[in-house]
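Okay, so the sequence shown: first residue is 2 according to the working numbering, each after it adds one.
The hints are simulated quantities; they were obtained by calculation from the structure and are not laboratory data. Any given hint could turn out to be false.
[Stated by the list, open to error] Cut-off 20 Å, straight-line C-alpha distance, at most; resulting in silico cross-link-like pairs (SDA-like, lysine to any residue):
#  : residue 1 : residue 2
1  : Lys132    : Val151
2  : Lys187    : Asp254
3  : Lys211    : Val257
4  : Lys203    : Lys187
5  : Lys187    : Arg255
6  : Lys124    : Val151
7  : Lys187    : Lys206
8  : Lys315    : Ala283
9  : Lys203    : Ala300
10 : Lys42     : Ala108
11 : Lys206    : Phe295
12 : Lys297    : Gln284
[Claimed, not checked] Now the in silico label distances, taken between C-beta atoms and shown as ranges:
#  : residue 1 : residue 2 : range
13 : Thr307    : Ser77     : 47 to 57 Å
14 : Met2      : Glu225    : 50 to 60 Å
15 : Asp38     : Trp326    : 54 to 64 Å
16 : Arg280    : Leu201    : 26 to 36 Å
17 : Cys127    : Asn58     : 46 to 56 Å
18 : Asn58     : Lys211    : 19 to 29 Å
19 : Ala283    : Pro166    : 52 to 62 Å
20 : Lys187    : His285    : 43 to 53 Å
21 : Lys132    : Lys408    : 26 to 36 Å
Please read these numbers as outputs of a predicted model, since none were measured by experiment. Think of the CB as a built atom: it goes at the ideal place given N, C-alpha and C, for glycine as much as any other residue.
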Amino acid sequence: MNVDIAIVGGGASGLIAAVESKRLLPGADVAVIERLDRAGKKLLATGNGRCNLGNTNISAENYHGSFYDTMRIINSTPLAEEYFRSLGLLCVSDAQGRLYPRSNAAASVLSALRLRAQELGVKELCGEFVKGIEHGGSGYHLICENGDTVTCRRVIIAAGGCAAPQFGTDGTMLGILRGMGYKITKLTPAVAPLRARPELLKGLKGVRVKGKVSAVCGGKVLAEEHGEIQFTENTVSGICIFDLAHFYARCGDRLVIRADLAPEMTREELVSYLEDVSRQRAQHTVEELLSGVFTKNLAVYLVKTTLSRAMTDKISSLRHDELLWLAERIKQSEFPVLGSAPWKNAQTTSGGIHRDCVGDYLESRLDRGIYFCGEILDVDGNCGGYNLQWAWSSGITAARSCARSLKGKGNDKSIKHKRTS
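Build the full structure now, drawing on both the sequences and the hints.
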């Protein structure tokens with residue numbers, strides 16, 4: 002097949018890049034090449050099937066990676082609510098600013114994109130797995146695993162990272178690009194649970210508690226988040242943890258999650274509370290000491306792992322220094338991180354194509370006529386719609402840049418022909 006623009010990857014950024022490319026160049030042949038049997042399957046799974054497609058409160062602090070100018074790109078494109086309204090999709094936001102389709106169904110978002118793509122005449126080539134990219138004439142040959150070749154004048158690569166490989170994003174394209182000389186930063190799961198030592202989590206499986214968590218590396222607090230902390234038999238989870246997971250790429254096994262399980266109380270207030278309870282419940286057993294502030298599993302866990310006491314001991318037998326130790330443990334429980342959860346449990350990828358390899362409008366600095374968007378770039382956002390906003394904004398930006406190039410108004414000055422290491 003011969004086309005003007007080939008988009009590798011039919012996810013969120015690829016679909017919007019296809020729509021915008023065809024809208025800007027109505028006479029161009031635009032095709033989406035999707036590995037799976039249908040485009041947009043990963044999009045259907047986002048937000049537990051509801052699709053948290055954006056956020057009304059977006060700032061630079063919501064994004065991480067080597068792209069220092071993420072907000073420049075986002076601010077130059079419509080935000081999700083405005084863009085999808087132009088496609089006939091209504092959005093609503095919650096108290097945290099998270100945007101959802103009014104239908105509360107991710108299928109509505111995918112339908113809006115596919116309907117527009119069909120109206121414009123975008124082609125979909127599903128079940129085609131691109132395994133190689135070759136220069137050819139004035140464009141590129143995309144070599145597919147089944148032996149097919151797609152020849153194109155321009156390529157927009159929207160093949161995703163490594164997160165959720167069950168949806169076709171297993172990092173294969175990143176490997177191909179590394180072989181072509183692109184600098185790929187360290188790849189780790191982001192917006193994902195973090196693994197901790199199982200012996201430190203024994204007794205916490207199923208516990209959920211509101212608190213404050215900090216990412217600590219080398220004794221330095223890197224960031225703090227508030228929210229519900231969730232525990233499994235081998236992970237610490239919850240949105241507040243997801244938003245700290247990207248630090249594992251920087252710190253590795255030096256990363257520690259520090260949890261304040263009663264952030265609404267100062268240490269002094271907590272000690273005063275424990276003193277009051279120890280008097281009020283003096284004749285009860287120590288397993289009841291914290292049952293007025295935590296669920297039973299967590300209350301017993303804290304007492305058992307902090308104090309060398311049998312659960313049948315009377316509260317009246319506790320010493321004052323033991324109450325101080327317990328207050329310290331509640332305010333500062335630490336869980337050294339062993340690693341991230343598997344890729345299948347991650348919502349996005351930390352790492353990807355480094356900013357050094359990409360021009361200001363997401364064109365390749367190494368290969369004229371190649372553009373990038375979405376998760377394949379070294380950008381990852383917090384949980385809450387930020388990653389999909391990056392997908393929409395980067396897809397639109399890549400499409401605009403590609404269209405300008407085909408019109409003879411490309412960003413040629415920003416395209417270098419020497420490869421960077």
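Taking the hints in turn, this is what the structure says about them:
For the given pair, Lys132 sits about 12 Å from Val151 by alpha-carbon distance, which is consistent with the 20 Å threshold. For the suggested pair Lys187 and Asp254, the alpha carbons sit about 14 Å apart, so the restraint of at most 20 Å is met. For the hint pairing Lys211 with Val257, the CA-to-CA distance comes to about 19 Å; that is within 20 Å, so the pair holds. Proposed proximity of Lys203 and Lys187 is contradicted: the alpha carbons are some 31 Å apart, above 20 Å.
For the proposed pair Lys187 and Arg255, the alpha carbon gap of about 16 Å is at most 20 Å, so the pair holds. For the hint linking Lys124 to Val151, the alpha-carbon distance of about 12 Å falls within 20 Å, and the restraint holds. Simply put, Lys187 and Lys206 have alpha-carbon atoms about 31 Å apart, too far for the 20 Å limit, and the pair is violated. For the suggested pair Lys315 and Ala283, the alpha carbons sit about 7 Å apart, so the restraint of at most 20 Å is met.
A threshold of 20 Å between alpha carbons decides the hint, and for Lys203 with Ala300 the separation of about 13 Å falls inside it, so the pair holds. At most 20 Å may separate the alpha-carbon atoms for a hinted pair to count; Lys42 and Ala108 meet this at roughly 9 Å. A C-alpha spacing of about 14 Å is found between Lys206 and Phe295, which places the hinted pair at or below 20 Å, so the restraint holds. Taking the CA atoms of Lys297 and Gln284, the gap is near 18 Å; set against the 20 Å cutoff, the hint holds.
As the Cβ distance of Thr307 to Ser77 is approximately 52 Å, the hint placing it in 47 to 57 Å holds. Taking 50 to 60 Å as the suggested C-beta distance range, the pair Met2 and Glu225 conforms, at roughly 51 Å. Between Asp38 and Trp326 the C-beta distance comes to about 58 Å, which sits within the given range of 54 to 64 Å. A hinted range of 26 to 36 Å holds for the C-beta pair Arg280 and Leu201, which are about 31 Å apart.
Checked against the hint of 46 to 56 Å, the C-beta distance between Cys127 and Asn58 comes to roughly 36 Å, which is inconsistent with it. For Asn58 and Lys211, the hinted distance range of 19 to 29 Å is satisfied, since their beta carbons lie about 21 Å from each other. Taken as a hint, the range 52 to 62 Å holds for the pair Ala283 and Pro166, whose Cβ atoms sit roughly 56 Å apart. Between Lys187 and His285 the C-beta distance comes to about 51 Å, which sits within the given range of 43 to 53 Å.
Checking the proposed 26 to 36 Å range against Lys132 and Lys408 shows it holds: the Cβ atoms sit about 31 Å from each other.
Checked against the numbered hints given earlier, this structure breaks hints 4, 7, 17; the rest are met.
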